[in-house]
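Q: Each chain is listed here by its residues.
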Amino acid sequence: MSFAAEPALGATATARRPPPGRGVLGRLARDPMGLAGLVLVCLVVGVALFAPWLAPQDPTRIDVARKFQGPSLAHWAGTDQLGRDLLSRIIHGARTALSIALGATGIAGACGLILGLVAGYGPRWLDAGLVLVFDALSSLPMVMFAMAVITVVGPGTGTLILVIVLVSVPGYARLIRAQTLALKGADFVLAERCIGASGTRIVLCHLLPNVAGPLVILISMDIPVVIMLEAGLSYLNLGVRPPTPSWGNILYDGYTSLRFAPSMIIAAGIPLILATLGFTFLGEGLRDALDPRLGYGAPR
Amino acid sequence: MSAPLIAPLIEAAGLSVAYRGEDGAPPLQALRAVSIAAEAGEVVGIVGESGCGKSTLAAALIGLLPGNAVVTAGTVRFRGTDFLALPEAGRRGLRGRHIAMAFQDPMTAFSPVLTIGTQLTDFQHHLAGQGRAARRARAGAMLARVGIADAARVLDHYPHELSGGMRQRAAIAAALLMTPEVLIADEPTTALDVTMEAQIIHLLRELRRDYHGAIIVVTHHLGVVGELCDRVHVLYAGEVVETALVDDLYHRPAHPYTRALIACDPAGLTGVTRPLPTIPGRVPELAPPPPGCAFAPRCTLATARCHIEAPPWVAVGPGQGARCHEARPRGCDPGGTDPKGADANGAIR
Amino acid sequence: MLSYAIRRVLLAFLILFVVMLAMYGMVFLVPGDPASVALGPRATPELKALLTARMGLDQPVAVQIWNFFRNAAAGDLGFDVWSRRPVLEVILEVFPRTLVLGLVALGWAVGLGVALGCLAVVWRGRPVDRLLGVLSVGMIAVPSFVVALYSLVIFSVWLGWLPAIGAGERGDFWGQARAVVLPAFAVGIGWVGYTARLVRAAMLEVMGASHIRTARAFGLPERIVVTKYALRVAIIPAIAIIAVGLGGILSSAVFVETVFSRPGIGTLITGAVQKRNYPVVMGTVLFMTAFYLLVVTLADLLIARLDPRVRDVLRG
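Chains as they are written, first to last, in the working numbering: chain L, 1 to 300; chain V, 1 to 349; chain Z, 1 to 316.
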């Protein structure tokens with residue numbers, strides 16, 4: 001007379017029901033961290049979208065007579081070593097940061113999708129080869145790899161995007177590949193095959209809906225890393241070329257004129273911190289709301 | 001049957017435990033007014049299906065209810081002191097030394113990264129004055145006593161290096177280390193195959209002879225109860241539905257649920273039957289519990305009254321009682337005719 | 001265990017081989033020959049020919065690749081035409097500084113992170129736990145070089161407590177110690193949050209395990225339950241992730257070293273990239289990749305030693 005073995009204590013009794021969800025946004029808004037992230041991200045995106053209207057001056061207009069001025073009514077955040085309005089440069093810097101971050105992760109997501117599908121559906125040798133390349137790419141320290149690419153290709157915005165794509169593709173491709181392999185063996189896909197469904201149909205109707213969530217979370221958690229990389233490399237003069245306003249360039253300008261205007265560094269650091277915090281909080285919130293099984297991002 | 005003069009060694013009196021629901025779900029009544037007691041030298045069995053609350057009862061007896069559990073009524077008393085009302089430090093002092101537990105699933109009951117010897121030595125921390133070497137020697141002696149050959153070598157092994165039966169023996173040895181007054185064996189044979197199970201039952205019977213404390217065996221296995229116990233409490237949906245001496249339980253079960261359990265025991269089958277007998281239906285939802293008899297939906301004798309009205313505790317014989325509308329005192333038993341012979345909660349001492 | 005170690009090391013070498021091939025291939029895929037790119041506007045035909053010969057670029061590609069691998073295997077990463085010294089020598093000269101920075105950063109960060117993680121577990125669900133959660137994410141999110149710049153402005157420029165540049169004189173222990181404080185703070189702060197979260201998550205999982213209940217059922221004090229029974233199990237996955245994260249430490253060290261003008265791998269490679277000094281960049285990337293793979297492999301082997309279950313699976 002044996003009944004099924006009893007589950008562990010506590011588990012017997014805890015009600016197994018999902019939290020009462022009112023959609024992803026509803027769940028996101030109930031989490032204070034996710035909400036803070038959402039607000040910050042909206043702020044940064046809004047500033048980037050309306051930069052030309054928000055900025056009080058042209059971010060590249062030089063006025064050497066008014067260099068290193070402290071905050072004033074005319075220049076809320078002061079001026080830099082060429083007398084350019086710092087606030088305008090910071091506002092336009094948001095545009096640079098976001099367009100590079102979104103553009104590069106978008107391209108990387110698309111490439112990852114294609115490569116992951118190729119690895120998952122392709123012949124075994126191709127799969128093994130691609131996995132080896134992914135492993136090799138992701139075992140390179142990110143900045144080291146970026147340095148190598150920049151040396152060969154030369155610094156610039158295009159190189160920056162190339163580097164970001166190369167660095168982030170392996171992660172996305174691995175995710176897609178794993179999902180593809182899992183789906184390949186799933187019964188409902190076999191059933192689809194049996195009734196003669198095409199590969200395209202299986203990819204569009206089954207694979208994409210399955211991977212869209214995790215892929216979006218992964219990308220949203222990568223965006224702060226990318227913003228950091230853009231600013232960091234621009235700070236090293238290896239990213240966005242001056243005079244294009246970028247937070248990294250402004251930080252570098254502040255660093256070189258540290259003795260005259262240390263507040264420049266503080267001013268340019270704030271939007272960078274707000275943006276990375278906002279996107280990280282949002283990514284965390286999204287992950288908790290959508291798929292808590294995904295891991296955590298590493299520090300940067 | 002006379003009323004006890006002194007408090008029993010360990011008892012749960014009218015114990016009710018609920019688990020808080022998540023996100024506004026109603027609380028789940030895992031135990032409802034459960035009263036059981038154990039005296040030194042006796043073996044008490046607690047039987048029931050999965051989800052009947054027997055693991056919750058075992059956890060309550062040693063004061064290790066999970067964080068989402070709330071004691072809504074009743075007490076657990078050890079030597080007359082209210083165990084649950086003690087501060088955590090006081091409870092910790094009792095655990096291991098006076099009340100010990102041999103856990104179900106010895107696969108996970110030991111830490112995977114420490115050797116058996118280290119853990120058995122740590123478990124004797126109440127004897128800190130004796131020094132590690134002495135405690136380790138005690139652990140080795142205890143392992144040998146529960147029938148582990150080459151005990152000295154086993155001390156250096158990690159849990160995963162032992163077989164399931166050895167681990168269960170080690171778990172029992174761990175529980176006996178401090179010669180506690182109360183030993184709770186939580187599903188001592190569930191994770192084992194039939195031969196191992198027979199060996200462990202044999203071991204527990206042997207231990208009974210020279211162990212003078214109370215043993216509480218929690219199991220879903222009627223066979224184990226029959227082999228080991230003096231008295232049995234049958235738990236269903238968080239309630240004690242029948243209490244009886246083990247012979248009475250087998251030969252004169254009073255509650256339809258007990259009868260069904262015995263009918264389902266493959267060991268009791270005499271002829272070839274196909275399919276194996278089962279109890280139709282499932283254990284009821286306990287959030288909230290049904291108004292009438294919890295077993296009524298699965299009971300072949302159920303009447304309309306059973307679904308509406310909670311059944312009373314009926315004393316059917318000496319030391320035997322059942323929570324059923326259909327239970328009747330056995331006529332030939334003079335002690336059982338008086339329903340006041342048992343207290344309202346059904347604890348019969 | 002031994003066969004597992006051999007397999008891990010072979011995999012590391014295979015990955016290193018792919019990396020080298022990719023790096024070498026990249027140089028040839030890009031238009032323009034490396035010699036004139038490296039020399040830039042100063043290139044005269046004679047200089048170019050000399051550099052080409054020095055770098056072995058006048059040989060057939062297959063021979064070049066063979067030479068590259070042969071030399072790399074022998075520990076020869078090429079010749080730095082600027083400083084006229086072997087690349088490996090240049091790297092080994094500054095590497096200890098970066099290693100010290102990384103270890104100091106990792107040391108204080110992991111120590112504090114484990115403590116905060118345990119604290120969050122002890123006070124789980126309470127306001128302290130929630131505050132630590134938000135704080136951890138915040139520490140992870142803020143870029144290390146912004147922390148470096150801010151602490152430079154605050155502690156060196158405004159308060160003047162700690163040196164702003166350099167790594168201290170050789171032999172001057174206190175000078176070196178003072179110089180490493182701010183960089184190690186900037187590099188490590190993200191790791192405090194990261195480790196705290198990691199340890200908290202791993203501990204919460206372990207605290208629910210039945211062997212913890214066993215330890216409690218024997219009345220073991222909570223302190224021993226947390227530190228001996230829970231942390232011993234929870235720390236194992238954390239080691240692997242922290243080792244993998246060493247790559248992140250190296251990355252932030254590149255920025256932080258530049259901010260503090262601290263000699264090290266970061267300043268070396270940044271200067272080399274700006275000068276397009278091929279041999280040094282390639283050599284450094286290769287060296288750091290090899291170092292990183294070494295650490296990850298060692299961490300895997302350490303886990304195999306720490307976890308008796310893994311040890312036996314590998315032995316069997």
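Just so you know, these hints were derived from the structure itself, not from any lab.
Any given hint might turn out to be false.
Label-pair distances were calculated between CB atoms; the ranges are [to be verified]:
| id | chain 1 | residue 1 | chain 2 | residue 2 | range |
| --- | --- | --- | --- | --- | --- |
| 1 | L | G156 | Z | F17 | 55 to 63 Å |
| 2 | L | R124 | Z | L302 | 44 to 52 Å |
| 3 | Z | L302 | L | P56 | 15 to 23 Å |
| 4 | L | L208 | V | P280 | 57 to 65 Å |
| 5 | Z | L50 | L | A110 | 24 to 32 Å |
| 6 | L | T256 | Z | W82 | 18 to 26 Å |
| 7 | L | G158 | Z | W82 | 21 to 29 Å |
| 8 | V | V194 | L | D187 | 31 to 39 Å |
| 9 | Z | V128 | V | V70 | 18 to 26 Å |
| 10 | V | E88 | L | G70 | 57 to 65 Å |
| 11 | V | G90 | L | C42 | 52 to 60 Å |
| 12 | L | S263 | Z | R70 | 49 to 57 Å |
| 13 | Z | F13 | L | G70 | 41 to 49 Å |
| 14 | L | L208 | Z | L302 | 38 to 46 Å |
From the structure, some residues in chain Z lie toward chain V, with a derived Cβ separation under 10 Å [as the list claims (entries may be wrong)]:
| id | residue |
| --- | --- |
| 15 | P127 |
| 16 | A215 |
| 17 | R216 |
| 18 | K228 |
| 19 | A230 |
| 20 | P237 |
| 21 | I241 |
Because the structure is a prediction, the values reported are computed rather than measured.
C-beta: ideal position from N, C-alpha, C; glycine also.
Q: Does the structure break any of the earlier hints, and which numbers would those be?
A: Result: hints 1, 2, 3, 4, 5, 13, 15, 20 and 21 break, sorted rising.
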